[in-house]
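Colleague: So you can see what is in the structure, the chains are spelled out below.
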Amino acid sequence: MGYVAVKGGTDAIANSIELVEFYRIKDETPPIHIRQLQAQFRLAIDKIMGEGSFYAPEYGALALKQVEGDVLEAAFIMRAFRATLPRLYYSAVIDTRNMFVQRRISSSFRDIPGGQILGPTYDYTQRIIDTRLADESYEQVQAFLQQFSARISETDRKAITTFGKVIDMLRAQGLLKGVGNRDDESEEGRRLVDITREAIKFPAPRSARLQMLARAETGGLMALGYSSMRGYGGVHPTVGELRVGLVDVTVSDPTGRSRYIGRVRVTEAEMITKAKTGKKSERSAGSVPYYAIGYGLCFGQNETKAICMGILDRAMRNGTKEAPANDQEFVLYHTDGIEAMGFTNHLKLPHYVTFQSGLNNVRRAVARSKKQAEANAASAPEPPMATDATASPGDAERMPSEVLTEL
Amino acid sequence: MEQNQRTDYILCECPLDNLTGFVGDLSVHYPLNLLKAPRLCLTMIQAEDSVEYQPFYLGEALTTTCEVAINKTVGYGICLGDEPERAYCLAVLDAVMALNDAQAPAIDRFLAEQLRLIQHREETELSHIMRTKVDFKLMEQA
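Residue numbers (the working numbering), protein chains in the order written: chain D, 1 to 407; chain R, 408 to 549.
Please keep in mind that the hints were generated in silico from the structure rather than gathered at the bench. Backbone N, C-alpha and C define an ideal beta-carbon position, used for all residues, glycine too. There could be a bad hint or two in this list.
Claimed, not checked - In silico DSS-like cross-links for lysine-lysine, where the CA-CA straight-line distance does not exceed 27 angstroms:
1) K348/D / K26/D
2) K544/R / K158/D
3) K348/D / K65/D
4) K158/D / K540/R
5) K274/D / K321/D
6) K479/R / K443/R
What the hints assert, rightly or not - If you want the footprint, here are the derived chain R segments under chain D, 3+ residues with CB under 8 angstroms:
7) 434-441
8) 447-455
9) 462-473
10) 539-545
Generate the whole structure from the sequences, applying the supplied hints.
Modeller: The following block contains the structure:
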């Protein structure tokens, strides 16, 4: 079979782009301002920034608007935009212990330093559609804000503070240690890798795994994290602490001075699991059980993602590949939303040549089969009884050509 | 937080209008030379896990950077976001503060006032957040 180069579709593509723009605004509703999106679609934008691996709320809002609310497509645009900018700075390590906490809970202990702070969350709302929002007016918004502000008087004002970590209590008691995975404790295992600059190889250093998980797609992480909790990998942790808030970002300027440049909102999950100290029969007298954590951290408020990142961080350190969630390559290659979406959507691109090639093979096989059937019929003493009254001898030949016509 | 970080914190977190107004008034006293106009770039944010302290890259953040000079004193402005005006103001104030001249008291007053506003805003937010602190009671106390 020869290849035939074709071209065309330029006008159709241009018209398709114009048409999708028409569908976005055809109802002539007032254009949505970016500031409105940024303010009122906070969680969607957080997800876009996390999966796009690019913290820029104003651009996240713009991307969301551009693609009619498709979060994954918006994350794709963010990651592409990110690739056009020079990276001039590397921050110092952010300090989540000094976070401006907006929410922090623990499901391991009731009483934690500073208390359980529910913060802004939909966890405790009833999942009932609020029809009042259908006619929400600016006056109603103002009235709510006034009422809300009045709840804090000058005397109630709290001084800015930070909160001690739950895991630090366990560590101080000697109950919490590192996982004890030998690969991760080696020099190569602890190396700081940037997966945007260095192709990943397996087994990957833990830094590469955490970076990939931090920009993975929430649904992908949740599916694999859930699989582990259900028994496929066996990591069913407890939330040591889940905190959401703002952390300071500092960089060195060209003179070497450390400069504060702003804050980013992050979600951090410390997932406590029991570390494996070997089978009971193999355990030495000095081998005592202890706890370790799986670590989750991502841009924005995205608790499901941070929790599942923590589960998978821990699962991938189990030292076996007995379940998908424990297998680095399986987890990391299949949870990057941009790559997965790109590959899935490439199926929509023309595959005319490869499909034609396959089709030719099928045609030849059908022809061979027909010839064989005819030869068998000629050499047989009596024609075999038809088992299917509705099928006729020509069906095998006709079917492919009918399918062909459809294609 | 170091002193210069404290200053940056105030200038990054204060209302933009206050900052541009103040720097606009201040600028008339200096021969400012824009070395590098505000431009967008990236900061790679580094994090680490909280038990084994394994460092890793969390992702990048949009950043604006700018450089100005007053005679031979260079000022650098860096801030998160698409914030050309703020980055420019940060660079100007960085250069002016390095001179430590007659404008220093006015700058100190401006910083103190902005810090007060920022603290008020953050304390208000934290106070609302702390209203969501769980008050556990034993069942028989309920």
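Colleague: Going back to the hint list, which numbers does this structure go against?
Modeller: 7
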